[in-house]
Each structure stands twice: as structure tokens, then as C-alpha cells.
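*Asks:* What follows is the residue order along each chain.
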Amino acid sequence: MSNSDQASFSVKGIAQQLGLEFRGDGNRPIHSVASLASATETDLCFLQSLNYLDQLQHSHCVAVIVPVDFDADSGDKSLIFAKNPHLAFVRAIHLLLPHHESEPSVHASAQLDPSVKLGQNVSIGANCVIGEGVSIADNVRIAAGCIIEQGCRIGPDTRLHAGVTLCHDVVLGADVIIQPGVVIGADGFGLVHEQGEWLKIPHLGSVRIGDKVEIGANTTIDRGALDDTVIGHGVKLDNLIQVAHNVQIGDNTAIAACVGIAGSAIIGRNCKISGAAGILGHLTIADDVTITAKSLVTKSIEKSGTYSSGTPLMENRQWHRNNARYKSLDKLAKIVTSLEKKL
Amino acid sequence: MSNSDQASFSVKGIAQQLGLEFRGDGNRPIHSVASLASATETDLCFLQSLNYLDQLQHSHCVAVIVPVDFDADSGDKSLIFAKNPHLAFVRAIHLLLPHHESEPSVHASAQLDPSVKLGQNVSIGANCVIGEGVSIADNVRIAAGCIIEQGCRIGPDTRLHAGVTLCHDVVLGADVIIQPGVVIGADGFGLVHEQGEWLKIPHLGSVRIGDKVEIGANTTIDRGALDDTVIGHGVKLDNLIQVAHNVQIGDNTAIAACVGIAGSAIIGRNCKISGAAGILGHLTIADDVTITAKSLVTKSIEKSGTYSSGTPLMENRQWHRNNARYKSLDKLAKIVTSLEKKL
Amino acid sequence: MSNSDQASFSVKGIAQQLGLEFRGDGNRPIHSVASLASATETDLCFLQSLNYLDQLQHSHCVAVIVPVDFDADSGDKSLIFAKNPHLAFVRAIHLLLPHHESEPSVHASAQLDPSVKLGQNVSIGANCVIGEGVSIADNVRIAAGCIIEQGCRIGPDTRLHAGVTLCHDVVLGADVIIQPGVVIGADGFGLVHEQGEWLKIPHLGSVRIGDKVEIGANTTIDRGALDDTVIGHGVKLDNLIQVAHNVQIGDNTAIAACVGIAGSAIIGRNCKISGAAGILGHLTIADDVTITAKSLVTKSIEKSGTYSSGTPLMENRQWHRNNARYKSLDKLAKIVTSLEKKL
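Quick note, the sequences are listed as chains B, A and V, same order.
Mapping the first sequence onto the working numbering, position 140 (from 1) lands on 140, and the numbers just tick up by one.
Mapping the second sequence onto the working numbering, position 144 (from 1) lands on 144, and the numbers just tick up by one.
Mapping the third sequence onto the working numbering, position 82 (from 1) lands on 82, and the numbers just tick up by one.
Take these hints with a grain of salt, some might be off.
Identical copies go unnamed one by one, so any copy, or any two together, can satisfy a pair.
[Stated by the list, open to error] Think about it this way: if two alpha-carbon atoms lie no more than 27 Å apart in a straight line, the pair counts; the simulated BS3-like pairs of lysine-lysine are:
#: 1; residue 1: Lys299; residue 2: Lys272
#: 2; residue 1: Lys12; residue 2: Lys341
#: 3; residue 1: Lys83; residue 2: Lys12
#: 4; residue 1: Lys200; residue 2: Lys331
#: 5; residue 1: Lys342; residue 2: Lys299
#: 6; residue 1: Lys83; residue 2: Lys327
#: 7; residue 1: Lys83; residue 2: Lys272
#: 8; residue 1: Lys272; residue 2: Lys303
#: 9; residue 1: Lys117; residue 2: Lys12
These aren't lab readings, by the way, just hints derived from the structure by calculation.
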């Protein structure tokens with residue numbers, strides 16, 4: 001980063017830009033941001049919860065964004081008050097460390113079919129391969145080694161990081177971010193039995209990704225069998241997630257890493273699916289549902305709320321003893337019922 | 001697709017080609033296929049189960065392939081009767097939308113070692129890298145960005161989609177399909193302890209993949225330590241599956257996404273392993289075993305059947321209460337036993 | 001492999017080189033190694049446990065490395081005695097099959113920014129893309145199709161297999177091995193809510209990988225939000241593992257495939273995390289902790305030991321019955337308590 005990439009503000013200047021109140025010395029300079037633990041004397045930090053109060057008190061930062069009701073001792077640090085300190089901190093990052101893109105360019109080694117349509121200010125990295133009839137809108141940046149097969153359409157301001165594969169006819173919206181190694185549009189796992197062998201079902205659908213979607217590294221999203229697999233606007237997917245054919249994910253749903261979603265599942269809006277959860281196929285999940293980590297959803301969820309499965313972590317010996325009992329839990333319950341009747 | 005890619009049939013013509021009975025107007029034209037929900041008036045659909053009867057009744061399709069005992073009202077749609085409607089539908093797709101491959105060609109940017117042996121009608125995409133002594137049989141199609149290391153052998157009619165990596169000396173059978181991002185033949189996770197540190201075990205085996213195998217996006221299959229990892233004929237693997245070193249998978253077994261199989265596990269034929277299941281190492285699973293989603297197989301299974309582990313999904317508060325009890329399930333069982341004795 | 005890659009020893013010669021005792025004919029030649037089941041008459045094998053005694057007795061090998069207290073009948077095979085037969089066997093492999101690297105070279109198709117600093121004896125494969133300011137130390141070997149973004153630093157003797165992606169400013173130590181398809185340094189899954197939508201948190205940290213680390217195929221390690229994600233020396237990661245932003249993993253910890261580790265988790269040294277385990281974020285795991293397969297760690301573990309969660313595999317009908325009871329386990333426990341009081 002050249003110096004011109006980094007802005008400089010006073011405590012007061014930052015607070016004003018963010019529209020927030022501050023307390024303490026407003027004139028001290030802020031050059032950058034850091035975590036409480038590694039901050040130096042010109043860094044801005046944030047405190048999301050009082051669990052980290054001890055870190056705040058030992059921090060070398062000049063100023064901290066704190067919750068509006070913050071009232072603890074913070075030494076001589078300047079305080080900036082925000083309803084959501086983390087959100088205010090992200091905005092401060094954009095002020096202090098504005099992101100400058102390099103000049104758009106198409107690398108000489110990229111292999112573009114002559115029919116590819118390129119918008120304004122498009123960047124395409126080394127060794128990309130872009131197939132027949134692909135259309136790429138303005139301000140799209142595609143990093144090295146991406147493969148974009150025939151017929152794909154990519155909306156404006158979308159960014160593909162290195163080594164992304166879009167199979168034929170995949171459609172990405174505007175402002176989408178795809179992390180490295182993602183595969184979108186591979187054939188789904190569609191099979192029918194034919195005399196003891198599996199026959200492959202042709203996949204005639206595609207994948208449609210909405211605007212402002214982010215997809216994490218090495219995640220896979222399969223194309224639909226007949227209709228499309230559809231990812232709504234504002235959906236955020238973490239790494240190593242499997243989205244099977246014909247899944248639909250509603251707007252602004254966030255899904256953490258290692259989740260698997262089976263075919264034709266329909267997930268509502270504003271859901272939060274925690275890491276390594278599993279969702280069986282051909283079911284529906286309502287809006288505003290939270291699934292906790294490693295839970296398995298085996299049937300439709302019709303009501304907003306938080307749902308869980310799984311058992312608690314135990315010391316291994318205790319776990320073995322309880323597990324042995326679990327195998328005969330039904331018997332145990334029957335004994336209790338018969339004891340109840342006797343009394 | 002040019003028009004010549006699309007055939008046109010009457011209802012009667014399709015039924016005759018598939019060797020099936022039909023009912024209703026046999027002369028109406030069928031141009032394509034679709035799901036019941038999105039079909040238009042020249043589309044063929046199928047109905048696998050009466051759960052979708054409502055969709056059928058609202059569909060705009062011209063004809064539907066239904067089970068032989070189908071007897072419900074379907075308006076004026078023509079009906080074609082099949083034992084397995086989905087299977088008949090897949091055959092109809094092949095009739096209506098025959099797949100035409102592009103002309104075989106080796107892209108100018110592909111890096112082939114001079115010793116590579118190419119069969120007839122082989123296609124190799126842009127930026128592929130193919131190492132010393134690799135042998136590629138007739139009609140193989142390799143999409144862009146694949147890396148095939150020295151000594152690999154690829155059987156006839158096999159297809160590698162974009163960005164596949166075959167490490168050295170991997171052997172693929174005939175008619176295999178590999179989806180993007182798959183890695184076959186990386187070193188297994190073989191370690192021995194040496195004075196508190198881990199020493200890597202050299203991996204001298206390879207991976208052998210049978211005929212008619214399909215492998216889903218970003219799945220990984222490790223090479224064997226001494227002997228080979230072996231995937232039988234007709235095996236179907238979904239996305240993001242881990243197959244560890246020296247695993248053996250029997251013919252026609254199908255494994256859904258996110259499954260992990262540990263080293264030296266031996267899995268029988270015609271098994272169905274559901275999504276996110278785990279299989280520990282050095283165990284054997286019999287033929288015709290079904291494992292339900294997210295189950296963990298911790299010891300050998302000697303008898304065909306369906307096996308499961310895990311607990312049901314619950315509303316979060318109920319789950320917390322039950323989980324608290326699970327931690328002392330063994331105690332609870334002991335109390336019940338002592339109560340029984342008292343009575 | 002040319003003949004010169006393969007050394008030849010007598011039984012006595014191998015035993016002497018390894019500093020081990022032997023019994024039987026010391027003059028018989030050993031040319032290679034194999035598993036007990038596939039060995040031929042000039043192969044060396046090892047026996048780690050008496051579970052494989054039957055295989056040993058049927059093996060055609062010339063010699064076997066066995067535990068020091070081995071006392072069973074082994075026919076006329078020569079025996080070499082070792083405290084840890086597997087470790088001795090690995091050393092024997094390095095004697096018998098020494099690994100010869102090909103001559104270092106930078107492939108003509110590799111795209112290196114002019115500012116890249118290359119050490120001595122560096123190999124860079126076809127179609128690699130290496131960005132501005134990257135520094136690569138002596139004896140590094142980078143296979144085909146790797147993408148190394150600006151500012152990365154790679155320590156001596158490190159090996160990147162095919163198709164690895166290092167995002168900007170990632171730091172790898174010495175003697176690191178990265179298997180194909182790995183993505184290091186993608187943005188973490190950091191989001192804050194802003195008026196019902198998710199706002200992306202910029203990721204200003206990076207990833208630092210220690211010496212002697214190995215990382216398995218298609219594993220992902222995200223960069224930190226403010227501070228770095230840190231992988232200690234001697235850490236071994238299997239395939240398809242997710243390591244989220246700001247995770248810290250202590251020296252010599254080994255983690256099996258399909259594990260997911262959420263953001264800011266701190267894992268101690270010498271831990272063993274089995275396959276498909278999950279570790280929630282913002283918690284700490286002590287040194288020398290073992291987590292069994294598919295367990296979920298939901299809070300900090302302060303004491304060394306073995307921990308588990310999950311339920312045993314059951315025949316599917318039995319599982320359904322027990323699961324139905326699990327939903328009312330809390331009620332069952334309350335009934336037992338009231339029965340106890342009555343008696």
C-alpha cells in the first residue's frame with residue numbers, strides 16, 4: 001500500500017464522519033485500526049462486549065468504539081459511542097483504509113472466446129479461460145486462473161477471486177464476491193436405479209445467484225436437474241459448503257462453513273445456519289430460523305425459532321457409559337412407565 | 001443449442017420409443033421436458049409420487065409419465081405409464097435432447113509432455129498440464145485447467161470437467177465423469193510419532209477408479225500408503241467427500257455429499273451412504289448397507305440393513321433440557337434399576 | 001523410476017542401518033517394501049499389532065519389522081525388532097527407495113511478476129501465477145497451476161502441490177507441504193448486521209504457517225480479520241478441513257479430515273482432533289487434548305484428556321424408538337425423581 005492509500009483522522013474527525021458522540025481528547029491522531037491486543041498508539045479499536053474489558057484496559061490504542069451504555073474505566077483512551085460498535089468500526093476501516101483497486105486490465109495469457117462481451121473497467125487475470133457467449137458487466141474483476149464456461153452471465157461490480165469455476169450458463173448478480181476454489185454449476189447428484197446400476201440424470205437447469213452474495217472458498221453449488229438452483233440476494237455462504245441441485249436459499253440468509261444442504265431443500269429468508277449443520281432434501285425451512293452447529297434438519301420447519309440436535313461433549317468415559325444406556329433408552333422408559341403404574 | 005440438437009416427437013412417438021403404454025391424445029407434439037411447475041404446452045413431465053399430484057393438476061405440460069397404477073384426475077393431459085417414471089423420463093430426455101459433443105481438439109495452450117499417448121477423438125482444454133508418460137484413451141474429453149501428473153492412465157469415453165487434479169500414476173477406468181475441483185491421488189494422512197513430532201509416511205500406492213464412476217465437485221480421494229485406494233465400477237460419489245488412503249468401495253455404491261471415510265475402511269457393494277455420514281478407519285461394511293444422514297459408523301457392519309446414529313431436531317430450549325439429562329443418563333438408569341428392585 | 005532410484009540391502013544390512021536387532025537369515029536380499037498382503041519374496045513388511053498376525057503368516061515377504069516382544073510363529077521369515085515397527089518401516093523406505101527430485105526449473109509458461117525474489121534451486125511448474133513482491137526461498141518446489149498472490153513469503157524446502165492458491169501476504173515456514181486444491185488466506189466469514197442486511201468485515205490480517213506443517217487437499221484456511229490466523233510448527237491437517245479467521249493451532253497438533261474450526265478458536269499443542277469434529281469459535285482447548293470423531297466442542301476445554309459427543313450407531317428401527325424417547329428425556333428424568341420420592 002502506498003501512503004496515499006491510508007487516510008488520517010483525529011478522534012473527533014472519525015466520530016464526526018460516523019455521526020457518533022465521543023469522550024476524551026478529540027485531537028489525538030488515528031492512523032489505522034487494530035485488535036485491542038495488538039494495537040499501537042495511533043490505532044482505533046472496538047469493544048463489542050464487556051467480556052473483553054480486560055483487553056481494553058491493557059490495550060495501547062488511542063481510541064475505542066464502545067457500546068452507548070459503556071461506563072467502565074478505560075484509562076486515558078478516547079471513547080467513541082455506538083449502538084453497534086462492530087458496525088461503526090467497519091465503517092471506520094473504510095474511512096481510514098480506503099480500498100484502491102489496481103487499474104483494470106485483461107492479462108495477455110487469458111483465453112477469451114471471441115464472442116465474450118466485456119463491460120467497462122473489467123479486469124481478467126492471468127490464465128483465465130472464458131467460453132463462448134459469456135457476458136461480463138462493468139467493473140467486474142476476475143482473478144487469475146478462473147474458468148468460466150460458455151453462456152455464463154456476470155453482473156456489475158462482481159469479483160471472482162483466484163481459481164473459481166463457473167460451469168456453463170451460470171448467472172451471477174451484481175456485487176457478488178466469490179472466494180477461491182468455488183465450483184458453481186457442476187451436475188447435481190441425480191441418479192435413478194436401472195437393473196442394479198445407477199443411471200445419471202441429465203442436469204438441464206442452471207444456477208442463479210442474486211446480488212450482494214458472498215461465497216466462501218471451495219464451496220460447491222450444483223446446477224438444477226430441470227429448474228435452476230437459486231441463491232437469493234444478500235445470501236452469505238462460508239467455506240466448504242455443499243448446496244445440492246434445486247436448492248433455494250432466501251434473501252439475507254447466512255450459512256457457516258461445512259454445512260450440507262440436500263437436493264430441493266427450500267430455505268427461508270434471514271435464516272442463520274451454523275457450522276456443519278445438515279439439511280435433508282425436499283423440505284422447507286421458514287424465514288428467521290436459526291439452526292445450531294452440527295444439527296441435522298430432517299423435516300420441514302414451519303415456525304421461526306432456534307432448533308438443535310446432537311448431544312453434549314463429555315469426558316470420554318462418561319460418554320461411553322451414557323451411550324451404552326442410550327442404546328436401551330426405549331426399554332428404560334418402558335420400565336419407568338410400568339413402575340409408575342405399580343405405584 | 002442449434003435446432004438440430006432438439007428432436008421432436010408426438011406423445012405416441014415417445015411412448016413407442018420407450019416401449020410404454022399411453023392414454024389420451026397421442027398426436028400432440030412434445031418438444032422438450034420440464035418440471036411440473038415450470039412446464040409449457042409442449043413439455044413432457046413425470047410424476048414419481050402422488051405427493052406431487054397437486055403440481056400435476058396445475059401444470060401446463062402436454063403429457064406426463066406416471067406410475068402404472070396411476071388413476072387420479074389429470075385433466076386433459078396425455079399420460080404415459082411406466083414402472084419407474086423417473087427412469088422413463090431420463091430416457092425421454094435422451095430422445096428429445098440428444099447431447100452433441102463439440103469436435104475433438106487439443107487447445108493450443110495445453111502443455112503436453114512429448115511422451116503423452118493420445119487415443120482417437122481426444123479433447124483437451126485450454127491450460128491443461130499433462131505430464132510424462134500419461135496415457136489417454138479414445139474419446140476422452142478433458143476440460144480447461146486440468147492437471148494430470150506423470151504416469152496417469154485414463155480409460156476411454158471418460159470426461160474430466162474443469163480444474164481437476166490427478167496426481168501421479170492415478171488410473172481411471174472407462175466412462176468415468178469427474179466434476180470440477182476434484183483431487184485424486186494426494187498423499188494420505190499417514191503419520192507416525194517420533195519423539196513428540198509427526199513423521200510423514202511416504203505414500204507408495206496410488207488410486208484406481210473403476211468404470212462408470214462419477215465423482216462430485218471438490219471431492220478428494222487420497223492415494224494408498226503401500227497398496228492402492230480402490231473405487232469399484234459404477235460407484236457414484238457426490239461433492240466434498242473425503243476418501244482416505246487405502247479405502248475400498250464396492251461396485252455401485254452411492255455416497256452423498258460431505259461424507260468422510262477414514263483410512264483402510266472397506267465398503268461393500270450397492271451401499272447407500274447418506275450425506276455427512278462418517279466412517280471410521282480399518283473396518284468393513286457389508287453389501288447392501290444403508291447409512292442415514294450424519295451417522296457415524298464406529299465398527300464393522302456385518303449384516304445388510306439400515307443403520308443410524310444421532311438425535312432428533314428439537315426446539316432449542318427442549319434440546320438444552322434433554323441434553324442436560326443426557327449427561328447423567330447412566331445415573332438415571334441406575335436409579336431405575338434400584339427402584340425396580342425395591343418394588 | 002530409474003534403477004538407480006532403488007537401493008538394495010540384505011536383511012542384516014537394513015537392520016544395521018536402522019540400529020535394530022534381527023533374527024533369521026541375515027543374507028537374504030531386500031529390494032522394496034510392501035503390505036503383508038501384497039508382498040513378494042524380496043519385500044520388507046511391518047507388523048504393528050498382533051491383529052494382523054494371520055496376514056503375516058500368509059505373506060510372501062522375506063522379512064518383517066515386528067514389535068520387540070514379538071514371539072509368534074512367522075515361518076521362515078526374517079524378523080527385525082523395533083520399539084515402533086511403523087516408524088522403523090518408514091525409515092527403511094527412505095533407505096530402500098530414496099526420493100530423487102527432478103532438476104529445478106521454472107516452466108516457460110509460469111507468469112512471474114518481475115519483482116518476485118527466487119532462492120536457489122527453486123522449481124515452478126507450468127501455468128503458475130506469482131504476484132508482485134512474492135519471496136520464495138531456496139529449494140522450494142511449486143507444482144503446476146499454483147496461484148500465489150502479491151506479498152506472499154515461502155520458506156525454504158517447502159513444497160506446493162498442484163493447484164494451490166495462496167491469497168495475498170500469506171507466510172509459509174520451512175519444510176511445509178501443501179497438497180492440491182488448498183486455499184490459504186481467503187477472507188474469513190466476518191459479517192455485521194446493518195438494517196437487516198449483512199455488511200462484510202474487511203479482513204486486514206493474514207495467515208502465518210509454521211515449519212514442517214502439512215495441509216491436505218482442498219482444505220481452507222482463512223485470513224484473520226485484524227490479527228493473523230496462526231498455524232504452529234509441525235501441525236498436520238488432513239483434507240477438506242475448514243480453519244476460520246483468527247484461529248490459532250498449537251505446535252504438533254494433528255487434525256483429521258472434514259473438521260471445522262470456527263473463528264478465533266485457540267487449540268493447544270499436541271492435540272489430536274479426529275475426523276469431522278467441530279470446534280466452535282472464541283474458545284480455548286488445552287494442550288494434549290483428544291477429540292473423538294464427529295464430536296462438537298461447544299466450550300473451552302481446560303484439562304488434557306479425551307472428549308466425545310454423539311450417540312452410538314444402531315439398527316434403524318431401534319434408533320427411531322430411542323430417538324422418540326430422547327425427545328422427552330427430561331420428562332422421564334422428572335418421573336424417576338418423583339418415583340424415588342414416593343419410595
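*Asks:* If a hint holds in the structure, say so; if it doesn't, say that too.
*Replies:* Results for each hint:
1. Lys299 with Lys272: Classified as both: same-chain Cα gap 17 Å, cross-chain 20 Å, threshold 27 Å.
2. Lys12 with Lys341: Answer is neither: 74 Å inside a copy and 67 Å across each miss the 27 Å cutoff.
3. Lys83 with Lys12: Answer is within: at 18 Å inside a copy they meet the 27 Å cutoff, but 68 Å across does not.
4. Lys200 with Lys331: Cα proximity of Lys200 and Lys331: none, with 44 Å in one copy and 48 Å across.
5. Lys342 with Lys299: neither (38 Å within a copy, 40 Å between copies)
6. Lys83 with Lys327: Neither. Shortest intra-copy (50 Å) and inter-copy (39 Å) distances fail the 27 Å Cα cut-off.
7. Lys83 with Lys272: within (22 Å within a copy, 41 Å between copies)
8. Lys272 with Lys303: within (14 Å within a copy, 32 Å between copies)
9. Lys117 with Lys12: neither (47 Å within a copy, 43 Å between copies)
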